[in-house]
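Novice: Which chain is which? The protein sequence lines are A and B, in order.
Sequential numbering of the first sequence, starting at 1, is according to my numbering.
Sequential numbering of the second sequence, starting at 1, is according to my numbering.
Please keep in mind that the hints were generated in silico from the structure rather than gathered at the bench.
Quick reminder that beta carbons are idealized off the backbone N, C-alpha and C, glycines included.
Hints should not be assumed to be uniformly reliable.
[Unchecked claim] If the Cβ cut is set under 10 Å, some of the chain B residues that face chain A in the computed set are:
{"id": "1", "residue": "His30"}
{"id": "2", "residue": "Gly38"}
{"id": "3", "residue": "Phe40"}
{"id": "4", "residue": "Ala74"}
{"id": "5", "residue": "Asn139"}
{"id": "6", "residue": "Tyr141"}
{"id": "7", "residue": "Val150"}
{"id": "8", "residue": "Gly153"}
{"id": "9", "residue": "Thr157"}
{"id": "10", "residue": "Ile159"}
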Amino acid sequence: MKIFVTSFALLASLGAAQAEPVTYNVDPEHTWVIYEVLHFGTSTNRGRFGVKQGTVQIDRAAKSGKADITADTTAPQTGVPALDAQLRSGNFFSANEFPTGKFVADKFEFDGDKVSSLAGQLTLRGKTHPVTLKALRFNCYQNPILKREVCGGDFETTVKRSLWGISFGLEFFSDDARLLVQVEAIRQ
Amino acid sequence: MKSLVLASALLATVAGAHAETSTYAVDPTHTFAFWEIGHFGTSTNRGRFPVKEGAVQFDRAGKAGKAEITIDTAAPNSGVGALDKHLASKDFFNAADFPTAKFVAEKFSFNGDKVAEATGTLTLLGKTNPVTLKASNFNCYQNPMLKREVCGGDFETTITRSQWGMNWGLNYGFPDNVRLLVQVEAIKQ
């Protein structure tokens with residue numbers, strides 16, 4: 001695996017002049033947005049949203065990239081059906097009116113040949129605010145089942161949900177929501 | 001809230017000689033066991049198990065406690081149906097033969113009046129090994145809907161699954177280490 005990445009990086013630097021961005025499609029079985037909010041200042045309530053579609057372009061030689069990921073706000077999964085219904089409702093994500101949330105990143109930062117952060121815009125309930133996702137880990141590998149290169153990692157940020165107008169229940173769910181994003185994307 | 005905790009701590013100190021153990025029943029809508037395991041050294045696969053039942057006994061003045069929490073191994077939830085089936089199968093949790101996992105804590109350590117660690121045993125696949133859960137959050141509050149005291153927090157540990165005989169995929173490079181994150185809230189009885 002390491003040998004693969006190294007030889008790829010070597011190849012990329014040899015061909016630097018004509019380095020091209022590579023496109024990856026997000027794998028919805030290994031891509032989830034998990035939120036964490038504090039419940040009554042006591043324990044952490046977690047839930048996940050699935051991803052409808054997503055593409056990532058990475059130009060490892062030029063150290064640049066783009067990502068466009070659409071999450072499905074109509075199907076939150078907390079393990080508690082009544083809470084899922086609350087989250088879909090007008091009190092939280094208004095999923096009828098806004099069935100998706102979107103993260104568009106146009107600035108990738110690299111640490112060596114690994115992506116270290118993604119800066120872009122998060123749109124929820126029709127409101128857009130800047131967000132930077134930090135990589136906790138990033139890696140590319142040759143997936144033995146798909147027989148393709150897969151790049152991905154874990155990314156995180158903490159947002160204030162009230163910025164997007166999600167202000168219901170601030171007395172029992174914290175305004176700070178930690179977002180943990182698992183991403184794996186398959187080379188096209 | 002803080003004044004309630006302080007007042008009850010004060011009361012407990014004053015009444016030190018006959019400090020009492022309170023029993024709390026686990027609230028299954030705010031109690032889940034989450035796992036985190038690395039996927040091809042790249043990203044983290046996460047999921048949760050629901051709790052079937054659980055009771056916590058807790059003596060804040062005496063700084064002692066006990067907990068017994070039963071997890072439903074037949075209902076892993078990763079968001080991916082095929083993975084959930086695989087996890088419930090003989091390759092992993094063997095839910096047909098072992099429909100529950102159990103954490104029993106016999107020793108609570110405290111930091112001030114907050115629980116800092118719960119030490120006990122985890123039984124999985126019929127095997128029992130010692131485990132210590134560390135608290136990253138702990139608090140008690142008066143729940144305005146239930147009109148009862150609720151105590152809870154977030155606890156975590158990292159286990160090596162092979163200790164319980166859960167070896168599937170180790171030879172393909174799937175990690176032995178699994179991080180467990182346990183959200184618990186329990187209602188005073």
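Novice: Hints numbered earlier in the text: which of these fail when held up against the supplied structure?
Specialist: Numbers 4, 9, 10, in rising order.
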